[in-house]
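S.K.: Quick mapping for you: the protein sequence lines, in order, are chains A and B.
Here the first sequence stands for residues 42 to 673, where the numbers follow this note's numbering.
Here the second sequence stands for residues 2 to 183, where the numbers follow this note's numbering.
Read the hints as simulated data drawn from the structure, not as lab findings.
No experiment lies behind these values; they were computed from the predicted model shown.
Hints are supplied without guarantee of correctness; some may be wrong.
[Unchecked claim] When the alpha-carbon atoms are kept at most 20 Å apart in a straight line, the in silico EDC-like pairs for lysine to aspartate or glutamate are as follows:
1) 66/B / 366/A
2) 131/B / 607/A
3) 52/B / 589/A
4) 371/A / 124/B
5) 651/A / 13/B
6) 159/A / 580/A
7) 52/B / 586/A
8) 179/A / 110/A
9) 131/B / 488/A
10) 636/A / 124/B
11) 636/A / 604/A
12) 355/A / 179/B
13) 168/B / 118/A
14) 165/B / 473/A
15) 131/B / 179/B
16) 165/B / 366/A
17) 167/B / 395/A
18) 371/A / 49/B
19) 168/B / 639/A
20) 355/A / 124/B
21) 355/A / 176/B
22) 354/A / 13/B
23) 472/A / 533/A
24) 52/B / 639/A
25) 167/B / 582/A
26) 219/A / 169/B
27) 354/A / 176/B
28) 628/A / 597/A
29) 452/A / 169/B
30) 168/B / 366/A
31) 167/B / 488/A
32) 624/A / 597/A
33) 355/A / 391/A
34) 464/A / 70/B
35) 37/B / 368/A
36) 210/A / 49/B
37) 167/B / 486/A
38) 52/B / 580/A
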Amino acid sequence: MALIQIAEPGESTTAHQHKLAVGIDLGTTNSLVATVRSGEVSTLPDSSGQHLLPSVVHYAENAIHVGSEAQSYSVTDPLNTVVSVKRFMGRGIEDLAVEETHYSYEFSETNSVIPRIKTRAGDLSAVEISAEILKALKTRALETLGDEINGAVITVPAYFDDAQRQATKDAAKLADIKVLRLLNEPTAAAVAYGLDSGNQGVIAVFDLGGGTFDISILRLNNGVFEVLATGGDSSLGGDDFDYVIAQWMIEQAGMDDMGDPASKRLIMQQARAAKEALAGAESTGVSLDLGDIHWQGTLDREILKALIMPLIKKTLMSCRRALRDADIEKNNIDEVVMVGGSTRTLAVREMVAEFFECEPLTSIDPDKVVATGAALQADVLVGNKPDDEMLLLDVIPLSLGIETMGGLVEKIIHRNTGIPVAKAQDFTTYKDGQTAMAVHVLQGERELVADSRSLARFELRGIPPQVAGAARIRVTFQVDADGLLIVSAREENSGVEASIDVKPSYGLSDSEVETMLRESMEHAEDDMHSRSLREQQVEADRVLEALDSALAVDGEQLLSDQERSEIMDVRQILVEVKSDTDKEKIKQTIERLEKACENYVARRMNSNIKSAMQGHSIEEYASDERSEAEES
Amino acid sequence: MSEEILTSNFFELFGLPVSYRVDLNQVQQRYMVLQKQVHPDNFANGSDQEKRISMQQTSWINEAKATLEDPVARAIYLLGLKDIDFSLENETTMDAGFLMQQLEMRERLENIQSESEPLDRLEGMAEEVKAAATVMMDGFVKSFEDERLDEAREWIRKLQFMQKAKKEINTLIGDIEDELMS
Chain A
42 MALIQIAEPG ESTTAHQHKL AVGIDLGTTN SLVATVRSGE VSTLPDSSGQ HLLPSVVHYA
102 ENAIHVGSEA QSYSVTDPLN TVVSVKRFMG RGIEDLAVEE THYSYEFSET NSVIPRIKTR
162 AGDLSAVEIS AEILKALKTR ALETLGDEIN GAVITVPAYF DDAQRQATKD AAKLADIKVL
222 RLLNEPTAAA VAYGLDSGNQ GVIAVFDLGG GTFDISILRL NNGVFEVLAT GGDSSLGGDD
282 FDYVIAQWMI EQAGMDDMGD PASKRLIMQQ ARAAKEALAG AESTGVSLDL GDIHWQGTLD
342 REILKALIMP LIKKTLMSCR RALRDADIEK NNIDEVVMVG GSTRTLAVRE MVAEFFECEP
402 LTSIDPDKVV ATGAALQADV LVGNKPDDEM LLLDVIPLSL GIETMGGLVE KIIHRNTGIP
462 VAKAQDFTTY KDGQTAMAVH VLQGERELVA DSRSLARFEL RGIPPQVAGA ARIRVTFQVD
522 ADGLLIVSAR EENSGVEASI DVKPSYGLSD SEVETMLRES MEHAEDDMHS RSLREQQVEA
582 DRVLEALDSA LAVDGEQLLS DQERSEIMDV RQILVEVKSD TDKEKIKQTI ERLEKACENY
642 VARRMNSNIK SAMQGHSIEE YASDERSEAE ES
Chain B
2 MSEEILTSNF FELFGLPVSY RVDLNQVQQR YMVLQKQVHP DNFANGSDQE KRISMQQTSW
62 INEAKATLED PVARAIYLLG LKDIDFSLEN ETTMDAGFLM QQLEMRERLE NIQSESEPLD
122 RLEGMAEEVK AAATVMMDGF VKSFEDERLD EAREWIRKLQ FMQKAKKEIN TLIGDIEDEL
182 MS
């Protein structure tokens, strides 16, 4: 039977339609959104021409402000104005000792392990606050581009652990953004630079932002960006520079401490302004005017360098470690790329140049480079560049392990392993008739559980009762391309899938995220209904489009006539149903079609990898021909 | 299902003969070809099923590459293909002379930070370990190619000690360098 392409009369095929995708840099200090339009990548400005959106959220009596408007309340209403919320993402209450000295919030006393900041809008988690920033960026993109966004690449520090990544993804979910990929910031920066120059070789990306530091060593080859090693510190950045400058100022002014939240914010703002002034000048005047304190002084580059020296040294230690992990000598690094606002500080540039013994690249605005790279990747992922050769291969930044006897951690996946990765570990029972078992998953490099970051506790239930030691429970730790962990378990003797209760140590549980989503939806129910109907229709188009293009390629080879006609029948039903107003009906039909295609998809994926396995490289053909020529 | 691929052996996957001697350039080249076909980024807009299969296939390819590139992991994998088991239950005792050497090295490592010029000493030890590992590797290759598999297995067990020592030395070098910088 010949394959017939079925299209409704008058309906245009959507196959080559350009899709809108954005790259989002959700930063500690500033956030940005960028996109590719007519082949050109650019960051999107707001209506007043500003590209950077300050990552500040203000909760007013009846409104939520984000960006510079929120910033203006930073000193007058500090407790309801949240800055640098990224530093709280995926963090537990006990992590906040340092952060509390830098910022001025009140945390609510709850039995939750997640810190919640007290505001007049309630006790809010970092995920909810970050979602407001994402919503503001999404609104900006919708207004500028005038159409719906098909998906986004959101960047995260390479050194973010599982909890911090999950928190970022949850924030996107709350903001109703479809995440195509969580992309590591240094990798995004490498993409932005790499495509400019068509580079080949080994590069180091030094990314020092407002609150996080990353170093990544990458190998570039024919559009493939392969991360060899990554390192860093997810709470080290320009905010810490501001803090040491602020400490110096109050010391010079003869003050004991920074005082109340409002004066703390003011001093931190002055410190930051002084730091920024020194990016373009040898010295700058600083002053404090607080109550009966009236102080004036001068901060110069030399003092600044001395103040921040210990912090810069910390970054260089991470660089050394990453080089060792990558097994790369300093002199084998072809380029060093500088990313993040904090690399504007001259002392940072000088010391990085000295360390790597070469002049770092700074040609792309260090504030915009990450969003730019993310937009380029989003454009590829959403399917606008089917022939593009770009591929980003990342690694897991921190080792994953499980708790064993005596409070020790047994590493299961080592840091800097290429992702996605899966490792299985077998467990057994130690009591007769035992039907459940607890597994504690940790992340980090240290050997003691007490020194590692707790990710989650899993309880495996439903193990068939057997004598002690007889059960063989295989737990599989799967890390996906976003660096997120998925755990599954199965009792091998009986084939029973053990059920797993996930209790994320520092994250929101799925039900908490659901509750937040529901609450935010209640405010805009009608809107929600029409939107989710539209979403289902778009999804139906996507599925149909994907199926048609797959059938055109290999429908003949991989499917029998009967299989094909079964699929075509369900396909036809979806074509009829998709203009319906019943979103549930559309959804169910999509599921039915996907179910009907399951074997086909599996066969395609298999033939896909098989052809790659059998594919010869050009060099091989060349040498084959040579040897044949020699023989004849 | 996708399991067909997930049971292929690592050498086949990379188009290589089943042998200890591996062309690492080909591994790298083939890795790129495979990744461009199966990586989850190719299915960012795909169905959940496609995403899942792609993730499994990519994980398998990553595991294969890591195994083929690591001399010891590759050797263990090869022995595994010949049903030589490395699980702990089957451990026999190792030769006493070798174990004594290991204990001595451990003691030297423990005391090294209190000695003068610890970095130079560690670099020296790293060289020693590397030289010893080369001898063992050669021993393994010879035994393996002559099909003396139990002997090959013993070489790898010793090599595992060397690998562990190398790792510890590197960690110590890292710690000392960090201390010197701060």
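S.K.: For each hint, tell me whether it holds in the structure or not.
M.R.: Right, here's what the structure says about each hint:
Simply put, residue 66/B and residue 366/A have alpha-carbon atoms about 17 Å apart, close enough for the 20 Å limit, and the pair holds. Taking the CA atoms of residue 131/B and residue 607/A, the gap is about 62 Å. The hint is violated against a cut of 20 Å. Of the supplied pair hints, the one linking residue 52/B and residue 589/A holds, its CA atoms being roughly 18 Å apart against a limit of 20 Å. Of the supplied pair hints, the one linking residue 371/A and residue 124/B holds, its CA atoms being roughly 17 Å apart against a limit of 20 Å.
The suggested pairing of residue 651/A with residue 13/B holds, with an alpha-carbon distance near 10 Å, which does not exceed 20 Å. With a CA separation close to 39 Å, the supplied pair residue 159/A and residue 580/A exceeds the 20 Å bound. Annotation: proposed proximity of residue 52/B to residue 586/A holds, straight-line Cα distance about 17 Å (limit 20 Å). Of the pairs offered as hints, the one joining residue 179/A and residue 110/A holds, with about 17 Å between alpha carbons and a cut-off of 20 Å not exceeded.
Our distance criterion of 20 Å between C-alpha atoms is broken by residue 131/B and residue 488/A, whose separation comes to about 26 Å. For the given pair, residue 636/A sits about 59 Å from residue 124/B by alpha-carbon distance, which is inconsistent with the 20 Å threshold. Between residue 636/A and residue 604/A the alpha-carbon distance is near 12 Å, which keeps this suggested pair within the 20 Å criterion. Annotation: proposed proximity of residue 355/A to residue 179/B holds, straight-line Cα distance about 9 Å (limit 20 Å).
Taking the CA atoms of residue 168/B and residue 118/A, the gap is near 52 Å; set against the 20 Å cutoff, the hint is violated. Between residue 165/B and residue 473/A, the direct Cα distance comes to roughly 36 Å. Violation of the 20 Å bound is thereby established for this hinted pair. Distance check on the hinted pair: residue 131/B and residue 179/B sit about 24 Å apart at the alpha-carbon level, beyond 20 Å; violated. Between residue 165/B and residue 366/A the CA atoms are separated by roughly 15 Å; this keeps the pair inside 20 Å, and the hint holds.
Simply put, residue 167/B and residue 395/A have alpha-carbon atoms about 29 Å apart, too far for the 20 Å limit, and the pair is violated. The suggested pairing of residue 371/A with residue 49/B is violated, with an alpha-carbon distance near 42 Å, which exceeds 20 Å. As the CA atoms of residue 168/B and residue 639/A are separated by approximately 45 Å, the hinted pair breaks the 20 Å bound. For the given pair, residue 355/A sits about 23 Å from residue 124/B by alpha-carbon distance, which is inconsistent with the 20 Å threshold.
Restraint check for residue 355/A and residue 176/B: satisfied, since their Cα atoms lie roughly 13 Å apart, inside the 20 Å limit. A distance of roughly 46 Å separates the Cα atoms of residue 354/A and residue 13/B; the hinted pair therefore is violated under the 20 Å criterion. Proposed proximity of residue 472/A and residue 533/A is supported: the alpha carbons are some 18 Å apart, at most 20 Å. For the given pair, residue 52/B sits about 12 Å from residue 639/A by alpha-carbon distance, which is consistent with the 20 Å threshold.
Restraint check: the Cα-Cα separation between residue 167/B and residue 582/A comes to about 55 Å, which exceeds 20 Å; the hinted pair is violated. For the given pair, residue 219/A sits about 44 Å from residue 169/B by alpha-carbon distance, which is inconsistent with the 20 Å threshold. Restraint check for residue 354/A and residue 176/B: the C-alpha separation of about 14 Å stays at or below 20 Å, so the hint holds. Distance hint between residue 628/A and residue 597/A is unfulfilled; the C-alpha atoms sit about 28 Å from each other, more than 20 Å.
Restraint check for residue 452/A and residue 169/B: satisfied, since their Cα atoms lie roughly 15 Å apart, inside the 20 Å limit. Taking the CA atoms of residue 168/B and residue 366/A, the gap is about 11 Å. The hint holds against a cut of 20 Å. Between residue 167/B and residue 488/A the CA atoms are separated by roughly 18 Å; this keeps the pair inside 20 Å, and the hint holds. Between residue 624/A and residue 597/A the alpha-carbon distance is near 32 Å, which puts this suggested pair outside the 20 Å criterion.
For a cut-off of 20 Å, the pair hint linking residue 355/A to residue 391/A stands: about 15 Å separates their Cα positions. Our distance criterion of 20 Å between C-alpha atoms is met by residue 464/A and residue 70/B, whose separation comes to about 17 Å. Among the hinted pairs, residue 37/B with residue 368/A is inconsistent with the structure: their alpha-carbon atoms are about 25 Å apart, more than 20 Å. The suggested pairing of residue 210/A with residue 49/B holds, with an alpha-carbon distance near 17 Å, which does not exceed 20 Å.
Between residue 167/B and residue 486/A the CA atoms are separated by roughly 17 Å; this keeps the pair inside 20 Å, and the hint holds. As the CA atoms of residue 52/B and residue 580/A are separated by approximately 16 Å, the hinted pair is consistent with the 20 Å bound.
Checked against the numbered hints above, the structure violates hints 2, 6, 9, 10, 13, 14, 15, 17, 18, 19, 20, 22, 25, 26, 28, 32 and 35; every other hint is satisfied.
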